[in-house]
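Peer 1: In our numbering, the protein residues as written are 24 to 461.
Treat the hints as calculated values from the structure; they're not laboratory data. All clues stand as given, with none of them false.
Capping the alpha-carbon separation at 27 Å, the derived lysine-lysine pairs in DSS-like fashion look like this: (1) Lys327 / Lys458; (2) Lys327 / Lys459; (3) Lys323 / Lys250; (4) Lys245 / Lys102; (5) Lys458 / Lys323.
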Amino acid sequence: MNQSLTRQFFRFTIPTILSMVAFSLYTLVDGIFVAKGVGETALAAVNLSSPYNSVMFAAGLLLAVGMSTTIAIRLGNGKHHEASSLFTRNLIVAVVVSIVISVLTLLNLRSVAQFLGAEGDTLGYVMEYVGGVSPFAVFFICSYNMEILVKTDGTPLLSTIGVSLAGVTNLVLDWLFVLIFHWGVRGAAVATGLAQVVSTVLYLYYFAKHSKQLHFVKVSLKPSEFKIYRRTLPLGVADSITEMSNGVVLFAFNQTILRLIGESGVVSYTVIGYVNTLVLMVMSGIAQGIQPISSFYYGKQERKSYEAILKMALAMAIILSVGSFLGCQMFGGSIVGLFIKRDSLLFDSSVAALRKYSLAFVLMGFNVVLAAFFTSIEKASRSFPISVGRGLIFPVLALVLVPKVLGAENLWYAGAVSEVAASVIAGMFMAMYLKKRR
Numbered sequence: 024m025n026q027s028l029t030r031q032f033f034r035f036t037i038p039t040i041l042s043m044v045a046f047s048l049y050t051l052v053d054g055i056f057v058a059k060g061v062g063e064t065a066l067a068a069v070n071l072s073s074p075y076n077s078v079m080f081a082a083g084l085l086l087a088v089g090m091s092t093t094i095a096i097r098l099g100n101g102k103h104h105e106a107s108s109l110f111t112r113n114l115i116v117a118v119v120v121s122i123v124i125s126v127l128t129l130l131n132l133r134s135v136a137q138f139l140g141a142e143g144d145t146l147g148y149v150m151e152y153v154g155g156v157s158p159f160a161v162f163f164i165c166s167y168n169m170e171i172l173v174k175t176d177g178t179p180l181l182s183t184i185g186v187s188l189a190g191v192t193n194l195v196l197d198w199l200f201v202l203i204f205h206w207g208v209r210g211a212a213v214a215t216g217l218a219q220v221v222s223t224v225l226y227l228y229y230f231a232k233h234s235k236q237l238h239f240v241k242v243s244l245k246p247s248e249f250k251i252y253r254r255t256l257p258l259g260v261a262d263s264i265t266e267m268s269n270g271v272v273l274f275a276f277n278q279t280i281l282r283l284i285g286e287s288g289v290v291s292y293t294v295i296g297y298v299n300t301l302v303l304m305v306m307s308g309i310a311q312g313i314q315p316i317s318s319f320y321y322g323k324q325e326r327k328s329y330e331a332i333l334k335m336a337l338a339m340a341i342i343l344s345v346g347s348f349l350g351c352q353m354f355g356g357s358i359v360g361l362f363i364k365r366d367s368l369l370f371d372s373s374v375a376a377l378r379k380y381s382l383a384f385v386l387m388g389f390n391v392v393l394a395a396f397f398t399s400i401e402k403a404s405r406s407f408p409i410s411v412g413r414g415l416i417f418p419v420l421a422l423v424l425v426p427k428v429l430g431a432e433n434l435w436y437a438g439a440v441s442e443v444a445a446s447v448i449a450g451m452f453m454a455m456y457l458k459k460r461r
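Between the sequences and the hints, there should be enough to build the whole structure, so can you do that?
Peer 2: Shown next as structure tokens:
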């Protein structure tokens, strides 16, 4: 295999994976500090609030991924000014979308909390968390948007620095706000929001002063200039759903668990949700890492190059997927012990639940990477069904069927059933692609 391609692959994927891991630690750190500083009910409330964060990040991804693909192709074709115009206009759209989300949330805070499943003791905590984090929506969405486009600009390491810096900020502020100032759940939310401010400022400074290819330029805001979104939004939908799938699955699981098991089950799933987010972010890191380079070589019509990138991505994803599953089997007790006291029935049931759920990780990487690859070569008709299947349709169906067939205590296998179904669709599309190529 071409050594230059291999170096390029690792140059983009490793920083992206590290960025996504650091990114996933935001909510995990929130959970640890809330569990230690407030209690298990508050921990469950943070879990119920998590889908809201997923909506903000998914919005950033929806706008960024399709546009990133289009911009990368423009750069591959040497159309640098056009690429910069698309970049600038896209950031303006991101700001407008962010403001709309913040305003609608704050005007309907109780309804949002109740929709997320909050009731009784958790309602106040969820309102505190969502109310504390929603004013920072513009920083969540713009930071994530620029974090992807920094890689498209050819500086993947900066995305790692930005996310890591935000992660450290979140860690310090969580400790300060929750354990020292005793601001509770709202303190954890504000800490997370301020961390996004830090990364947003860093990326804005980069694009204003030190970017390689993409720059802020004067753009027209005529309606005709936004027709490009007819092409870019469908490309971004697949990856946006992959990001949002964690929030959707969290929401669906929370509702099912509250109905079949009760609030103690939500605490168990809180821990599982953190682990699931971490594994999903690793797989998304591989997927997002290959997109700019796959799109670049697709723009140059170098099929062998972007297919070689796909092979490396699938190999890495499969190894890390299986490793994640084995890690949960061997170290499940240590993971759960970060959140729940060991001398309790809840601890034992949570460890058993995590080990069952982790079977889903085996095929997760395969599905996420293939969806991203098809997006990078402008095959939204293939990436979309994979992402929608694993992110929305199959989890919901599995949550309905698995408890009925295997019993309520085995609903934790629903994630694995969903990934198996998605892998059938992904495998079918890959076979069709290979057959057409021949």
